[in-house]
Amino acid sequence: MLLPGFYDFCCRVRIVSGQNALEKIPAMLKKMKAHTPLIVTDKGVVGAGLVDVVRAAVAGELKLSNVYDNVPVDSDYKIVDEAAKIYRQKNCDSIIAIGGGSVIDTAKGANIVASLGGDTLLDYEGFSAVKRKLNPLVVIPTTAGTGSEMTLVAVIADPDRKIKMLFVSYFVLPDLAVLDPRMTKTLPDFLTASTAMDAMTHACEAYYCLEKNPLSDSFALRAIRIVSENLLKVIKNPADMEGRLALANASTMAGASFSNSMVGLVHNLGHTIGAICHVPHGTAMSILLPYGLEYNMHRCGEVIGEILLPLAGSEVYAKTKKEERPGKVVEFIRKMNNYLHEATGGRHPRYLKEIVDKNGAQVVTESLLPAIAEATMQDGARMANPEEFLPPDAMLVLEHAWEGKPLDLGKVNKGGKKIKY
Amino acid sequence: MNINKYPQIRPGKKLSKRVYVAIMLWTVGKAIQVAAKVDKEVKEELARLPNNFTLRMMVAPEKAFPLFFYAKTLPAFVVDKGLLFYGIQMLLHKDKEGKIKYLGADPKGKKVDLNIVFKNIEAAWLVLSFQESTATAYMHDRFVVEGDLVHSLTFVRVLDIVEVFLLPKIIAKLAVKRYPKWSEMSPLRKFVKRVVIYIRAYTF
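Line by line, the protein sequences are chains S and U.
Sequential numbering of the first sequence, starting at 1, is according to our numbering.
Sequential numbering of the second sequence, starting at 422, is according to our numbering.
Note that these hints are calculated values from the structure, not bench results.
Some clues are possibly wrong.
Covered stretches of chain U, as calculated for chain S (at least 3 residues, CB under 8 Å) [as the list claims (entries may be wrong)]:
1. 448-462
2. 563-574
3. 586-600
No residue lacks a Cβ here, since even glycine has one placed at the ideal position from N, Cα and C.
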């Protein structure tokens with residue numbers, strides 16, 4: 001691919017990254033004519049003292065007294081509506097989201113309802129339903145993986161229909177993303193691992209899915225390289241602040257990349273497993289990424305092979321024959337997952353059957369797989385996958401991912417030519 | 422140069438493309454109506470849509486079909502009142518009992534739940550002349566979806582199946598992401614349904 005026939009790239013989030021980035025927030029909010037922000041966060045973030053870190057950083061210049069900390073792991077539209085209600089009650093004029101993907105998406109949703117009016121987020125579902133500029137939104141990620149600070153989509157669950165809804169518009173993009181290593185310093189190793197693998201998945205899928213373009217590619221390749229070089233170092237030494245800042249940057253780059261090139265079957269399955277079994281997004285991503293690469297290999301193997309360079313370095317890339325590179329990419333990612341599994345004392349699952357809840361009970365049981373496969377048809381990510389992905393195909397991938405076996409490439413339905421991007 | 426004598430530039434009407442797209446939309450609409458009756462897979466896919474649901478597929482802008490002057494020369498089925506007044510479009514309705522019906526091209530008085538809008542006639546031409554697959558068109562922003570995204574995914578899947586029924590393999594391969602293998606769709610099913618859909622679409 002030199003240039004695709006058409007592409008669309010938009011990345012207008014201001015990014016502030018550095019050891020003291022939080023201190024810049026008051027001045028930047030002032031420039032956006034915002035003075036009374038609502039903090040949207042979750043109880044875990046408050047408990048870890050991260051809201052206090054932000055408060056201390058902006059002390060004297062900005063008062064952060066309005067806090068909504070009721071966001072659950074898998075946020076739904078009712079939570080969004082509640083946050084918007086509080087925004088109006090407290091007469092706020094902007095939102096600061098402090099947290100991971102769920103918090104950021106909730107803040108995006110709340111910003112839609114608070115800015116545009118109405119009682120419920122459901123009125124704005126779909127593509128381009130948000131048609132004008134929203135109130136200022138500042139995002140401070142506390143995990144290095146979601147990339148949600150750079151995306152034009154808010155993914156919010158509908159518990160009644162058991163699906164994840166997409167709210168897509170350029171106006172949903174936050175105004176400012178603040179990357180400060182203090183915010184990810186206390187992140188436990190298994191969460192650091194799964195969120196970084198989430199960023200890796202964003203970058204890989206952005207690189208081989210149908211809407212890839214030269215700009216998203218450059219973000220994706222750099223993000224893959226940074227995760228590959230820093231993740232294992234940070235897991236070994238959690239106090240490595242440079243490494244943590246690097247991972248936060250990789251996550252943001254991967255976010256910018258996939259926001260403009262979309263994602264495929266890994267996210268399709270990941271969203272569905274998340275909606276049905278409440279599996280954390282990063283965990284599902286790290287497990288399914290090798291399967292996504294394997295499943296699409298016959299359609300875009302050459303492009304997948306190119307990932308080996310940032311992933312494993314120039315020496316491995318040069319030593320590996322061109323036709324063996326896609327396989328090597330999959331092998332390398334499986335090795336990373338195995339290493340992370342050992343380094344986190346088994347808290348980074350490698351297969352779907354290894355995912356357990358707090359009581360040690362299996363979260364994704366084998367009996368749920370057909371329902372998950374069927375529900376993949378209702379997720380928008382299937383559109384951008386290079387190969388067609390129907391329920392029988394999803395079942396094939398799920399069975400292998402559940403057992404932890406490499407995908408049997410002979411069983412993958414092949415009926416199309418190599419992809420021309 | 423006398424600016425008053427400067428000729429006014431009029432946009433091209435692209436009549437042949439408009440007629441082709443209008444016929445294709447009509448064919449697709451009728452074919453989906455028939456396929457929903459005769460094919461189990463299409464029926465199952467459409468079951469995902471709620472009852473009392475109206476879908477519209479159209480070419481922007483509305484009221485853009487310059488057919489008034491040509492109306493008399495065209496076959497009766499193309500000269501739909503809706504086409505003349507509201508532009509190129511087709512409406513499909515799923516009623517209270519779950520039956521799918523093609524409603525022609527007149528949206529007046531109908532509540533549209535899902536609106537799939539090709540941004541212009543060229544975009545519709547690229548897709549409906551199979552120069553671009555549905556997935557590629559989606560990636561290239563050829564159309565806008567207004568309404569529940571999940572329902573548009575169902576429609577795209579139905580469109581893919583119907584295209585496989587209607588078109589010879591060499592063309593259908595351009596329109597869908599993966600042409601179904603024999604294990605996914607038997608040749609017997611494909612050819613029998615193709616004949617049935619064509620006959621019923623053009624006769625009833």
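Hint check results:
no.: 1; hint: 448-462; verdict: violated (count 0)
no.: 2; hint: 563-574; verdict: holds (count 8)
no.: 3; hint: 586-600; verdict: holds (count 5)
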